[in-house]
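**Student:** Sequence:
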Amino acid sequence: MIWRLGALAVAAVVALPLLGIASSLLSPQGELWRHLAETQLRDIAHNTIVLLVGVGLGTVVIGTGTAWLVTMCRFPGSRVLQWALLLPLVMPTYIIGYAYADLLTFAGPLQSGLRAAMGWNRGDYWFPQFGSPQGVALLFTLVLYPYVYLAARTAFLVQSQSLLEASRILGNGPWRTFLRIGLPLARPAIAAGAALALLETLADFGTVQYYGIHTFTTAIYRTWYGMGNREGAAQLSMVLILIAVALVALEYRSRGRASFTIASNLRYVAEPVQLARPAGLAALAACALPILLGFVVPTAHLAQLALSSGVLMTDQRFIGDAFNSLILATVAAVIIVSLAVFLSYAGRLVRRRLLHRTIAFASLGYAIPGAVIAVGVLLPLAFADHGLDLLSRQVLGVPTGLLLSGTAFALLVAYTVRFLAVGMANVAPGLAAIDPAMDASARILGARPRDVLWRIHIPMLRAPALTAGIVAFVEVLKELPATLLIRPFNFDTLAIGVYRFASDERLAQAAVGSILIVTVSLVPVILLSRTVAASGRPTSSPRGP
1 MIWRLGALAV AAVVALPLLG IASSLLSPQG ELWRHLAETQ LRDIAHNTIV
51 LLVGVGLGTV VIGTGTAWLV TMCRFPGSRV LQWALLLPLV MPTYIIGYAY
101 ADLLTFAGPL QSGLRAAMGW NRGDYWFPQF GSPQGVALLF TLVLYPYVYL
151 AARTAFLVQS QSLLEASRIL GNGPWRTFLR IGLPLARPAI AAGAALALLE
201 TLADFGTVQY YGIHTFTTAI YRTWYGMGNR EGAAQLSMVL ILIAVALVAL
251 EYRSRGRASF TIASNLRYVA EPVQLARPAG LAALAACALP ILLGFVVPTA
301 HLAQLALSSG VLMTDQRFIG DAFNSLILAT VAAVIIVSLA VFLSYAGRLV
351 RRRLLHRTIA FASLGYAIPG AVIAVGVLLP LAFADHGLDL LSRQVLGVPT
401 GLLLSGTAFA LLVAYTVRFL AVGMANVAPG LAAIDPAMDA SARILGARPR
451 DVLWRIHIPM LRAPALTAGI VAFVEVLKEL PATLLIRPFN FDTLAIGVYR
501 FASDERLAQA AVGSILIVTV SLVPVILLSR TVAASGRPTS SPRGP
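Take 1 as the starting number for the sequence shown in this note's numbering and just add one per residue.
Hints in this document: simulated from the structure, not taken from any laboratory.
Some clues are possibly wrong.
Quick list of the computed label-pair ranges, beta carbon to beta carbon [claimed, not checked]:
{"id": "1", "residue 1": "Ser132", "residue 2": "Pro399", "range": "50 to 56 Å"}
{"id": "2", "residue 1": "Ala440", "residue 2": "Pro399", "range": "51 to 57 Å"}
{"id": "3", "residue 1": "Gly446", "residue 2": "Gln394", "range": "48 to 54 Å"}
{"id": "4", "residue 1": "Thr105", "residue 2": "Pro436", "range": "52 to 58 Å"}
{"id": "5", "residue 1": "Gly226", "residue 2": "Arg357", "range": "32 to 38 Å"}
{"id": "6", "residue 1": "Ala440", "residue 2": "Arg352", "range": "16 to 22 Å"}
{"id": "7", "residue 1": "Leu57", "residue 2": "Val273", "range": "24 to 30 Å"}
Glycine included, C-beta positions come from ideal geometry on N, C-alpha and C.
Whenever a hint applies, use it, and build me the whole structure from the sequences.
**Tutor:** Here it is in structure tokens:
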């Protein structure tokens, strides 16, 4: 009873801003929808579908393939690639969009160098354009595949080598073993990672707006800021929520009654397979290319722009912004992981449809643009501030001011609503992979539910929880719209600094803050990879009774 009531209370509080957005359905917006249907709706729907299909396929193929190679195989550079494949995770989508736009433009260094070397003029050669839904989908894929890579690698690390060896003994080759054993066992984790990438794609604004790609997110911002129609913007956000619900429901329906737990006595792990030289070089190229395009090239270009700007990273304003970003990201990550563990375990204990649906609804904030989340958070907090101020004036005769909506507390609430899905997508599959027989054995021995969670599940959830924490940390560090609207006065972050410079077309100065975001995120991401590897792959031991 306590777990059910606590989980319902937490999920309801997190879902409160989403309910505020859903209340917009009570306001008729027929004129807005007619206008969209006559002008942009077909274009918006087409671009959204192209982005979702492109990012979904790209992230699953790259993330799953590279995770399998570096986890189950050994080839030149595989140990370095285990953490290097995470590097694009620290690159915000809007920053890689700015970097490639400047790098690949007609006046950019790449085309200018080609023309100088080959003696070409305008019209003498063909060059790919990223200002299309397909091009933007490729950019998204380059920085979002680590979501799938992290989830898939964590799942592959806990798979039993005994099952894989049995498949090989029965005549299945490496590819068939991967497709019939490794991939199905890791499918819940892969689906969760892909869902995060798709939700990030749905909610992106900076990149699609910069490249002129019309999506539901750009329509939301134009409806809000251009028309001043907040209810209409909220109704458009409901479309994103419905798409997110459809994606999650589709995965659950396709899974059916399949079970993906592995018995504890089958968790023997052997050394990865050493690939022959040709196959090893091919694997090296396949794993290095996403890192090169998703991190090395844009970071090198941003570094060159930052050096040319003459602005130092040790400038006091950048140091202050970095400190604010670090504090917010750390606290928010701890809150998000704690709530994800609590809600996931409550869902495991209490098998009630209402609870599971409430938790699922509370995790949909990731599909909503940050600015819409900001308004959904500010409205109830402002109402609470007004009530507290009125009570304080009547009882103590002292005004309280903005205790909730005017402080960093509002930012933390917005980050929790926005990124709780990040924690749930990593923690829930990890918890589901733990054999229920372990819970039953502990309960028979007299352990209470909280003892089972603390003494059994928490140690086994170390890798998924750290994955969720680092991803949440990086996401908060990169979050722009919600921070821009909710932050207290004279409180800036690195993302806000980058946005201001980029908005003024001062990309060289924006590159300094971009490099700082990348630098601050690098160390925890590398530590995450090593911790996941250490906790997921125990020391090999000889077989025997």
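**Student:** All hints, please: hold or fail.
**Tutor:** Hint check results:
no.: 1; hint: Ser132 to Pro399: 50 to 56 Å; in the structure: holds, 54 Å
no.: 2; hint: Ala440 to Pro399: 51 to 57 Å; in the structure: holds, 56 Å
no.: 3; hint: Gly446 to Gln394: 48 to 54 Å; in the structure: holds, 51 Å
no.: 4; hint: Thr105 to Pro436: 52 to 58 Å; in the structure: holds, 56 Å
no.: 5; hint: Gly226 to Arg357: 32 to 38 Å; in the structure: holds, 35 Å
no.: 6; hint: Ala440 to Arg352: 16 to 22 Å; in the structure: holds, 19 Å
no.: 7; hint: Leu57 to Val273: 24 to 30 Å; in the structure: holds, 27 Å
Taken one by one, the earlier hints all hold for this structure without exception.
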